[in-house]
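> Sequence:
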Amino acid sequence: MPPESKTCLACGRTIEWRKKWERDWDEVRYCSTACRRRKVDPTDQALETSILDLLEARAATATICPSEAARAVAGAQERGDWRELMEPARRAARRLVAAGDVEITQAGHVVDPSTAKGPIRIRRTDAG
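Quick note, the sequence shown lines up with residues 6 to 133 if you use my numbering.
Calculated from the structure, these hints are not laboratory results. As the structure is a computational prediction, the values presented were derived from the model and not from experiment. Don't take every hint at face value.
To be verified - With a Cα cut of at most 30 Å, we get these calculated DSBU-like pairs of lysine-lysine: (1) K11 - K24; (2) K44 - K122; (3) K44 - K11; (4) K11 - K122; (5) K122 - K25; (6) K25 - K44; (7) K11 - K25; (8) K24 - K44; (9) K122 - K24.
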């Protein structure tokens, strides 16, 4: 029986166990070479904080779009285009899902963040 899956530290996607990782499964932290190179930088941390702050300022059942966090961070960092922060904002949301702080929804239903494609919304978990 394979060991339990893990969450990538950089992108928040699920890492499924593979036979080739049998000897060093305990050391596997990233799902790909790109994630291993990228890691989590201060902009990623700012996006996570922005998501949590935006949700805190809203009603308990309210949702936000990742673009709201991207716009807030782009404005705070005086970056020109917030669109370049959209995928990092989605990665930040997936990491927050793995931490149990938020849920990702599509059409009002909670979805698996590793496989969600298309527009998503972010909301606090019932416990959060």
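> Going through the numbered hints above, which ones does this structure break? Give me the numbers in ascending order.
none
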